[in-house]
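Use these hints to put chain B onto chain A, whose structure you have.
Same order as they appear, the protein sequences are chains A and B.
Here the first sequence stands for residues 1486 to 1984, numbered as in the numbering used here.
Here the second sequence stands for residues 42 to 171, numbered as in the numbering used here.
Hints listed in this document are in silico derivations from the structure and should not be mistaken for laboratory results.
Among these hints, one or two may not hold up.
What the hints assert, rightly or not - Derived Cβ-Cβ restraints for the label pairs, each shown as a range:
#1 Lys110/B / His1927/A: 30 to 40 Å
#2 Lys110/B / Asp1550/A: 50 to 60 Å
#3 Asp90/B / Gly1962/A: 42 to 52 Å
What the hints assert, rightly or not - Dumping the calculated DSBU-like pairs for lysine-lysine here, alpha-carbon to alpha-carbon at most 30 Å:
#4 Lys48/B / Lys96/B
#5 Lys1819/A / Lys1863/A
#6 Lys149/B / Lys102/B
#7 Lys117/B / Lys1819/A
#8 Lys1521/A / Lys1951/A
#9 Lys1807/A / Lys96/B
#10 Lys110/B / Lys1922/A
#11 Lys1951/A / Lys48/B
#12 Lys95/B / Lys149/B
#13 Lys1951/A / Lys109/B
#14 Lys1870/A / Lys1853/A
#15 Lys149/B / Lys1819/A
#16 Lys96/B / Lys150/B
#17 Lys1951/A / Lys102/B
#18 Lys1882/A / Lys1924/A
#19 Lys1916/A / Lys109/B
#20 Lys102/B / Lys1922/A
#21 Lys150/B / Lys1819/A
#22 Lys1833/A / Lys1488/A
#23 Lys110/B / Lys1822/A
#24 Lys48/B / Lys110/B
#25 Lys1882/A / Lys1521/A
#26 Lys96/B / Lys117/B
#27 Lys48/B / Lys150/B
#28 Lys102/B / Lys1924/A
#29 Lys1870/A / Lys1951/A
#30 Lys1916/A / Lys99/B
#31 Lys1916/A / Lys149/B
#32 Lys1833/A / Lys1521/A
#33 Lys48/B / Lys102/B
#34 Lys117/B / Lys1916/A
#35 Lys95/B / Lys1951/A
#36 Lys1807/A / Lys1791/A
#37 Lys1823/A / Lys48/B
#38 Lys1863/A / Lys1807/A
#39 Lys117/B / Lys1922/A
Computed from a predicted structure; not experimentally measured.
Ideal placement from N, C-alpha and C gives every residue a C-beta, glycine not left out.
The chain contents come next:
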Amino acid sequence: MAKTIQEINERIRAGDAVVVGADEMPHIVAERGLEKAAKDVDVVTTGTFGAMCSSGAFLNFGHSDPPIKIQKCWLNEVEAYSGLAAVDAYIGATELSQDRGMEYGGGHVIEDLVAGKRISLRANSYGTDCYPANRVETELTLEDLNQAYLFNPRNNYQRYAAAANSSGHRIRTYMGTLLPELGNVNFAGTGHISPLLNDPEYRTIGFGTHIFLGGARGRIVGEGTQHNPGTGWGTLAVKGDLEGMDTDFIRGAVIPEYGTSLLIGIGIPIPILDEEIAKSTAVTNDRIETNLLDYGIARRDRPILKKVTYEQLLTGHIEVEKREIRTSSLSSFKIAKKIMKETASWIKGSDFRFCEDIERLPCKREVKPMRVSVESPKVSTVMTKKVHTAPESGSLKDVSKLMIDKGVDQVPIVDGEGRLAGIVTSFDFLKAHARQKDKAGHVMTRSVITSSPGETIDEVSRRLQKHGYNSTPVIDGDGRVVGIITLTDINRAYGRLKR
Amino acid sequence: MNRYELKYRTDEAKNPILAQAVLETGCLVNILLADVESSRGRMVITVIDDGCEKKIIKYLKDMGVEVKKLEGRVEKDEGSCIDCGACKGVCPTDAIEMVDDTMELDEKKCVGCGECVVVCPVRALTIPIQ
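Just chain A, with the same shape it has in the complex (with noise of 0.2 Å):
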């Protein structure tokens, strides 16, 4: 038996619409019977909350005496996109302040604008003859703005990739921060409460849709980029006006090393039109599959470390590698049911009403890698060949003597097969001068930064940038040394590509 949305938009106005979350959904459906849970349940209401990059807001500050063709602003000195016409603006959550660095961005200025705390703009222009002012320095609020809505080209995605990280070292990510040696996995998305996973098929959520978003009522404006609902990757772009939200539902947020976000709530009812319906909102914890993925490799395509599903992620940890690994969520579990309660009781305070006709989102939609006409040369094609190594039995005096003979300033130091064994600098120099020792193998630095000829030099790059090297001996897959590369190489390589 199926109801229309006027049938359920009159029940909500009746008083007597029946609203449940989706996590009771399961229950009901199991206790009742698919058949009458979709007769009996109107709305099932769904939340998430967590951190969403592609968020930002437009802002129309109004025209000043004499007026300004703002042609670069600032908000609390976090620059925001102003190359649309005079006085409007985009502030996008993951701009950095120029006074705070990570500490501050642009989900911070959109989290203050709607605590209603003040904001310095700072702007300025080239002057025009219907625009003369150069500069305009003021301080506002919310209520001075004539628009400040959210934007957001891509949120709520209907699942997100765990994370966790194989390499050595400890690193910082958009996936919060991974210990090393698989030391923990973290993952996003609240599961089976999450809006997407409540409506696979976008038969209720689509172009128009009314949504909680932030605290206030917003609305789904289209298919979010990168929006994937074949593979189950689905995203939303969701439009709310700032005014009447609330900061418990949306926060500015620093990941440490990686930048500044913003947080947000999104609520999102779904009318139980029919039994198909009342099926994917009883969907369970354990049947939405996420990939584990090893975040130690910063390629665009991550190896699979295992599936994995939300039942055995919220467990508080998984197995990998016959490992027990501690998992931690980066959603809040805690505000995305209290915005599922919260979007409920919207509905049952009877002026809520379903859009009748909304515009149906796409099912299918491939997303495509960016095609990159000029790629980042190899290791292998920017290394200096020609290593000059010393054995481990070697003496320093050989050492040093090769260090000022062939100019360099380390020289890697091999075993009796030729594998990469340590490396002599002219640090361990003088550890040899206070330990009297002879041998390069008794002072040489153990643990060596090493590259491989089949990597970028991008990642060579940031790994020396990381631990402050200014070079790393290249070895091949038995450890062998093939090659150095050093920073000077790397700075001629890219200068090579800007001609």
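Using the frame of chain A, we list chain B on its own:
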């Protein structure tokens, strides 16, 4: 019991600095946290016997180890915390658990290392200096 943060370079792999310090001073320590990377290491220790604390700290400093006395435990601003689990993932002593979707900090287990303070996305955690 005082807690100390030790920072040192690990290039000198042949020197087990802490073990040497314990042997030489006869002063026992508990290692609360060890985060050793290729070129540097960081540990948090407590000295079990108060009597020899000064001795071993001086020994470590003489070895070139950077020693800092840690003060206080982590405190949470309840109004600011969003109850995600970013802090839980990096806690070396399992002092943070999610109970009924709520972040709970076990002050007895917390060693005040500050790892969680760094990763908190809303800066709800602090270690007050006493």
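Taking the hints in turn, this is what the structure says about them:
Taking 30 to 40 Å as the suggested C-beta distance range, the pair Lys110/B and His1927/A conforms, at roughly 35 Å. For the pair Lys110/B and Asp1550/A, the supplied restraint of 50 to 60 Å holds, since their beta-carbon distance comes to about 59 Å. Taking the beta carbon of each, Asp90/B and Gly1962/A are about 50 Å apart, inside 42 to 52 Å as hinted. At roughly 18 Å between alpha-carbon atoms, Lys48/B and Lys96/B fall within 30 Å of each other, so this suggested pair holds.
Pair hint Lys1819/A plus Lys1863/A does not hold up; C-alpha atoms about 46 Å apart against a cutoff of 30 Å. The suggested pairing of Lys149/B with Lys102/B holds, with an alpha-carbon distance near 28 Å, which does not exceed 30 Å. Restraint check: the Cα-Cα separation between Lys117/B and Lys1819/A comes to about 16 Å, which is no more than 30 Å; the hinted pair holds. For the proposed pair Lys1521/A and Lys1951/A, the alpha carbon gap of about 59 Å is over 30 Å, so the pair is violated.
A C-alpha spacing of about 43 Å is found between Lys1807/A and Lys96/B, which places the hinted pair above 30 Å, so the restraint is violated. For the hint linking Lys110/B to Lys1922/A, the alpha-carbon distance of about 35 Å lies beyond 30 Å, and the restraint is violated. The suggested pairing of Lys1951/A with Lys48/B holds, with an alpha-carbon distance near 18 Å, which does not exceed 30 Å. For the proposed pair Lys95/B and Lys149/B, the alpha carbon gap of about 25 Å is at most 30 Å, so the pair holds.
Taken as a hint, the Lys1951/A and Lys109/B pair is honoured in the structure, with Cα atoms around 24 Å apart against an allowance of 30 Å. About 36 Å separates the Cα atoms of Lys1870/A and Lys1853/A, which puts this hinted pair outside 30 Å; it is violated. With a CA separation close to 25 Å, the supplied pair Lys149/B and Lys1819/A stays within the 30 Å bound. Straight-line distance between C-alpha atoms of Lys96/B and Lys150/B comes to about 26 Å, which keeps the hinted pair within the 30 Å bound.
Among the hinted pairs, Lys1951/A with Lys102/B is consistent with the structure: their alpha-carbon atoms are about 27 Å apart, no more than 30 Å. For the hint linking Lys1882/A to Lys1924/A, the alpha-carbon distance of about 8 Å falls within 30 Å, and the restraint holds. The suggested pairing of Lys1916/A with Lys109/B holds, with an alpha-carbon distance near 25 Å, which does not exceed 30 Å. At roughly 24 Å between alpha-carbon atoms, Lys102/B and Lys1922/A fall within 30 Å of each other, so this suggested pair holds.
Restraint check: the Cα-Cα separation between Lys150/B and Lys1819/A comes to about 24 Å, which is no more than 30 Å; the hinted pair holds. Between Lys1833/A and Lys1488/A the alpha-carbon distance is near 18 Å, which keeps this suggested pair within the 30 Å criterion. A hinted pair counts as satisfied when its Cα atoms are at most 30 Å apart, and Lys110/B with Lys1822/A does not qualify at roughly 41 Å. Distance restraint check for Lys48/B and Lys110/B: the Cα-Cα separation of roughly 12 Å lies within the 30 Å cut-off, and the hinted pair is therefore satisfied.
At roughly 87 Å between alpha-carbon atoms, Lys1882/A and Lys1521/A are farther apart than 30 Å, so this suggested pair is violated. Only pairs whose Cα atoms come within 30 Å are accepted, and Lys96/B paired with Lys117/B is rejected, the gap being roughly 35 Å. At most 30 Å may separate the alpha-carbon atoms for a hinted pair to count; Lys48/B and Lys150/B meet this at roughly 22 Å. Between the alpha carbons of Lys102/B and Lys1924/A the distance comes to roughly 28 Å, so the proposed pair stays at or under 30 Å and holds.
For the given pair, Lys1870/A sits about 24 Å from Lys1951/A by alpha-carbon distance, which is consistent with the 30 Å threshold. Distance hint between Lys1916/A and Lys99/B is fulfilled; the C-alpha atoms sit about 22 Å from each other, no more than 30 Å. With a C-alpha separation of about 42 Å, the suggested pair Lys1916/A and Lys149/B falls outside the 30 Å cut-off, and the hint is violated. Only pairs whose Cα atoms come within 30 Å are accepted, and Lys1833/A paired with Lys1521/A is accepted, the gap being roughly 21 Å.
With a CA separation close to 10 Å, the supplied pair Lys48/B and Lys102/B stays within the 30 Å bound. The straight-line distance between the Cα atoms of Lys117/B and Lys1916/A is roughly 45 Å, outside the 30 Å bound, and the hint therefore fails. Under the criterion of a C-alpha separation no larger than 30 Å, the hint pairing Lys95/B with Lys1951/A is inconsistent with the structure, at around 35 Å. Between Lys1807/A and Lys1791/A the alpha-carbon distance is near 12 Å, which keeps this suggested pair within the 30 Å criterion.
For a cut-off of 30 Å, the pair hint linking Lys1823/A to Lys48/B is broken: about 43 Å separates their Cα positions. For the given pair, Lys1863/A sits about 34 Å from Lys1807/A by alpha-carbon distance, which is inconsistent with the 30 Å threshold. Taken as a hint, the Lys117/B and Lys1922/A pair is broken in the structure, with Cα atoms around 51 Å apart against an allowance of 30 Å.
Checked against the numbered hints above, the structure violates hints 5, 8, 9, 10, 14, 23, 25, 26, 31, 34, 35, 37, 38, 39; every other hint is satisfied.
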